[in-house]
Amino acid sequence: MSSTQLDPEAIAALQAALAAEHAALWVYTLIVAFVPPDQAAVARTDIEAHRTLRGQIEQTLTDVGARPVSAEPAYRTPTPVTDALSAGRLAVTAEADVLAAWRSVLEQTTQVPLRAAAFKALSEGTARAARWRLATNTLPVVPPLPGITR
Amino acid sequence: MSSVSSEPLVAPARVTRRRALAVLGLAVPVLAACTTSPADDGPDPLIPLADRARADAALVTAAITADPALTPRLDPLRSARNDHAAALQAEIDRLAGPQSSATPTPAPAPAPTGPVDLAAVQQALDAAAREATGLVATLPTGRVGLVGSLAACCATYAAVLT
Chain A
1 MSSTQLDPEA IAALQAALAA EHAALWVYTL IVAFVPPDQA AVARTDIEAH RTLRGQIEQT
61 LTDVGARPVS AEPAYRTPTP VTDALSAGRL AVTAEADVLA AWRSVLEQTT QVPLRAAAFK
121 ALSEGTARAA RWRLATNTLP VVPPLPGITR
Chain B
1 MSSVSSEPLV APARVTRRRA LAVLGLAVPV LAACTTSPAD DGPDPLIPLA DRARADAALV
61 TAAITADPAL TPRLDPLRSA RNDHAAALQA EIDRLAGPQS SATPTPAPAP APTGPVDLAA
121 VQQALDAAAR EATGLVATLP TGRVGLVGSL AACCATYAAV LT
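First to last, the protein sequences are chains A and B.
At position 129 of the first sequence the residue is numbered 129 (full-length UniProt numbering), and the sequence of numbers has no breaks.
At position 157 of the second sequence the residue is numbered 157 (full-length UniProt numbering), and the sequence of numbers has no breaks.
Treat the hints with care, since some could be wrong.
[Said to hold, decoys possible] Partial selection, computed: residues in chain A whose CB lies under 8 Å from chain B:
#: 1; residue: 11
#: 2; residue: 12
#: 3; residue: 16
#: 4; residue: 42
#: 5; residue: 47
#: 6; residue: 81
#: 7; residue: 103
#: 8; residue: 110
#: 9; residue: 115
#: 10; residue: 119
#: 11; residue: 122
#: 12; residue: 130
#: 13; residue: 138
#: 14; residue: 144
#: 15; residue: 146
The hints are simulated quantities; they were obtained by calculation from the structure and are not laboratory data.
Every residue gets a Cβ at the ideal spot worked out from N, C-alpha and C, and that includes glycine.
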């Protein structure tokens, strides 16, 4: 039962966020084999966070009568993943994409609960991104405007 | 289409629980969930955020002066808060329109009082994140991205500086 409606713009932004979450999950599953054990543990925690977000978006889209976009079977990476550093950098890229998508959700709705959810995802994602940026010496460790600047 | 269906991740029982948790919080009456439009008059709510960003940049400068060893950790933060101040001021000026171009440039940030150390910087960041977060529910769509982003930045800095 859908208790509320969303504007087409908000639905499109949520679909884009879902696509970014799918991609991030694919990325983390790939990189876990390339990073040292301590980073692999972080990656697994991050996978759980992205799974939760993916499930929340899918449920929300379903509740408002939209069909959630599916994951792609595979994704093209900007550079090949061959070692811990390239793996960590791919996580940085995936998190930046996710942050941009959540910021867009924030900007495409005036519904307070959806804004709160998007802002929470943006904040927690910024902390996740900072860990991978620190691990890969990607400066600044905290982007000044997460979701806008890289 | 090259998409494949993803496997369902949650059992139906979990889905029910998710629903009970109101997922992204949408199970609220639409009218109650709408943002209130800010009054047409009254000061721009971004002005205190811009003032605070400038004050934080000055605070960080003072902290670096007091302990130059903090430079590598704090210099990117100073840069970020200056970026925030510039982006906020641009948005404030945009909304104010050209007729307000004669308004004086913002007052310089007040000199920080009290001990200027990492704890003071962290406290300032917590306050900045709180203040910006408080506006997320009510700002118009064209401004909420900027304010949400800088709130996320300040909150994360406060955490990583510990």
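Tested hints:
1. 11: Since the shortest Cβ distance to chain B is 11 Å, the answer is violated.
2. 12: 14 Å, violated
3. 16: 14 Å, violated
4. 42: Cβ of residue 42 of chain A sits 14 Å from chain B, so the hint is violated.
5. 47: This hint is violated: residue 47 of chain A lies away from chain B, its Cβ roughly 11 Å from the closest one there, beyond 8 Å.
6. 81: 21 Å, violated
7. 103: Result: holds, 5 Å to nearest chain B Cβ.
8. 110: With a closest approach of 4 Å, the residue 110 of chain A hint holds.
9. 115: This interface hint holds because 6 Å falls under the 8 Å limit.
10. 119: 5 Å, holds
11. 122: 5 Å, holds
12. 130: Since chain B brings a Cβ to about 5 Å from residue 130 of chain A, closer than 8 Å, the hint holds.
13. 138: 12 Å, violated
14. 144: Since chain B brings a Cβ to about 4 Å from residue 144 of chain A, closer than 8 Å, the hint holds.
15. 146: 5 Å, holds
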